[in-house]
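Generate the whole structure from the sequences, applying the supplied hints.
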Amino acid sequence: MNVADWVVLLGTIVGIAAYGSWRTRRVRSLDTYLRGNASTGWGTIGVSVMATQASAITFLSIPGQGFESGIGFVQNYFGLPLALIIVCAVFLPMYRRLNVYTAYEFLGQRFDEKTRLLGAGLFLLQRGLAAGVTIYAPAIIISTVLGWPLDLVIVLTGLLVIVYTVTGGSEAVALTHKWQMAVISAGMVTAMVVLLLRLPAGLGFTGAAHVAGALGKLQAVDFSLDPSRRYTVWTGVFGGLFLSLAYFGTDQSQVQRYIGGASLREGRLGLMFNAVLKIPMQFVILLLGALLFVFYQFAPHPVFFNQAEWRRHAQDDRFQALEAEHAGAVAQSQSAIRGWLEARASHDTAREASARAVMVAASQRTDAIRAEAKAALLAADPRAKTKDSDYVFITFILTQLPHGAVGLLVAVMFAAALSSKASELAALGTTTTIDFWRHFRPLAAADEARNVRVARRFTALWGVFAVAFALFAGFAENLIEAINILGSIFYGVLLGLFVVAFFLRRVGGSAVFFAAVTAQALVIAMYFSLNIGYLWYNLIGCAACIAFSVALQAVLPPRASPDQGRAG
Amino acid sequence: MTPAPRPDERSEAEPPDVPGFRTWRGVYLFVFAFFVLVVALLTVFTRVFS
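Top line first, the protein sequences correspond to chains A and B. For the first sequence, numbering that gives the first Met the number 0 gives the first residue as 0, with consecutive numbering after it. For the second sequence, numbering that gives the first Met the number 0 gives the first residue as 0, with consecutive numbering after it.
Hints listed in this document are in silico derivations from the structure and should not be mistaken for laboratory results. From a predicted model like this one, the values you see are computed outputs, not experimental measurements. Incorrect hints may appear among the rest.
[As the list claims (entries may be wrong)] Now the stretches of chain B that chain A is said to cover, found in silico as 3 or more residues with beta-carbon under 8 Å:
(1) 15-28
(2) 39-46
[As the list claims (entries may be wrong)] Below, a sample of chain A positions facing chain B; criterion: calculated Cβ distance under 10 Å:
(3) GLY120
(4) LEU155
(5) ALA211
(6) GLN218
(7) ARG267
Note that CB positions come from ideal geometry on N, CA and C, so glycine has one too.
Written as structure tokens, this is what we have:
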């Protein structure tokens with residue numbers, strides 16, 4: 000990184016954070032602090048919802064996923080538009096009608112306080128742990144880029160987001176999201192344009208797509224019914240529907256983005272904006288990864304993309320032999336690809352099939368050497384981090400982009416990290432304040448200034464916790480999967496609570512509470528004992544919570560009607 | 000503990016005020032149809048390039 004990169008990086012990231020803090024420094028109203036400006040329009044809500052979900056992990060791991068496994072991960076988002084329609088039609092109108100600050104207040108009103116605390120507790124547990132991982136992701140980049148200590152980067156980025164989130168609360172979060180998304184969009188378009196320009200002459204987008212497709216990277220949809228396959232249309236539509244419904248409908252970091260705003264219409268349109276754009280956006284990011292794969296078939300690249308980890312262990316002749324072997328295999332693969340392109344252009348089917356077989360074999364040979372390199376790393380150090388796909392895109396950024404653009408792309412990672420982090424911290428602080436602190440100190444609810452002060456303190460406290468957790472998050476090999484797995488374990492049951500609340504009016508608080516606890520124990524036990532796609536746990540947790548609730552309600556004494564309750 | 004409902008909250012039956020749509024159901028149908036179209040295009044993309 001040179002001076003131009005530093006100017007772009009600091010100008011965007013620190014500038015946006017400072018702007019957000021300065022513009023919202025006078026926020027004193029609890030409503031504004033927790034729900035944002037009451038005149039917020041659908042565009043800001045839509046961008047804020049998108050920025051909350053699009054963490055740095057999105058821009059680190061997903062291109063790596065496209066590079067390594069192809070674009071099939073896009074199916075993970077197939078349930079999202081359907082889930083957002085349900086949130087718009089059912090969840091959002093209810094939240095606004097009850098005028099709640101958190102989704103879990105609704106559980107308290109529908110069931111009882113213990114169920115509310117359970118829902119809020121599941122959220123705090125899941126989101127609190129994930130918050131550590133989301134701060135860890137950009138820290139890897141910057142520590143790799145600058146050679147700074149990872150721990151120092153985690154602390155510095157954590158402090159930056161804590162400052163403006165604590166200062167302006169939800170209003171600062173929404174305000175900074177707009178500018179952060181502008182930086183992200185500009186950066187990703189720049190990266191895609193540079194990548195296309197750097198492809199070998201004559202190959203172009205179509206040629207590169209054909210190469211990627213022939214090497215198995217462009218299977219966007221898979222209709223297989225095999226439950227052990229991680230990404231299929233069915234896991235995406237059904238598992239993804241439950242994951243998205245839980246995330247957008249019950250996760251306070253998202254609920255907080257759309258329950259404020261000028262009217263119900265603004266929240267709904269903001270969510271529909273995401274329902275339309277999310278799959279195309281994820282497809283483009285994955286496609287970028289698949290095209291990176293093609294680019295690196297023609298450009299020199301390391302046998303292992305996490306070069307810091309490689310250099311730490313690769314000190315004997317075996318590693319140097321692997322590097323030489325890999326370089327030779329890449330040259331062979333490149334030659335085989337050119338041979339296949341020529342055969343394809345000749346329209347000779349038999350020649351094309353033969354050349355394709357040679358190309359696939361050459362690519363598999365390269366993959367095998369990469370696997371050998373990882374095995375060698377593990378043999379040298381059993382604790383070595385062997386998943387290097389998160390480093391593919393950043394390697395491309397640092398070695399192929401012009402100065403200025405490097406700073407912009409590093410700023411993309413930071414902007415994404417800060418945007419999702421800010422939403423998480425605001426939500427964690429809000430939930431702790433509203434669902435726990437005010438629950439145990441009901442008399443303090445009337446003192447608005449004190450509530451704002453307490454919300455600021457809890458937000459800061461969660462920020463410090465996330466930083467501390469991130470310092471120990473080195474075990475997370477593939478970051479986006481780590482977060483999705485964590486989410487899938489807890490979200491299903493949380494969603495089950497809300498589904499029962501919305502659709503099963505006969506079920507009471509005690510039945511749903513004990514059903515949720517049992518269902519959560521079941522999901523955790525299944526996770527540690529079965530080998531099925533993790534998205535299914537969203538469905539299993541939700542279904543178990545609903546089924547146990549109905550069964551328990553059948554054996555428990557009938558629930559008192561609301562009128563009886565009031566009379567008592 | 001929960002604040003009172005906002006008195007100025009409009010009904011969820013309010014029109015979407017989006018050109019070409021008179022009801023929210025129409026908006027949802029459009030979003031669903033767009034989703035189906037995207038999946039269909041991705042299927043075609045897979046067939047063409049894989």
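How the hints compare with the structure:
no.	hint	in the structure
1	15-28	holds (count 6)
2	39-46	holds (count 4)
3	GLY120	violated, 17 Å
4	LEU155	violated, 38 Å
5	ALA211	holds, 7 Å
6	GLN218	holds, 5 Å
7	ARG267	holds, 7 Å
Hints 3 and 4 from the earlier list are contradicted by this structure; the remaining hints agree with it.
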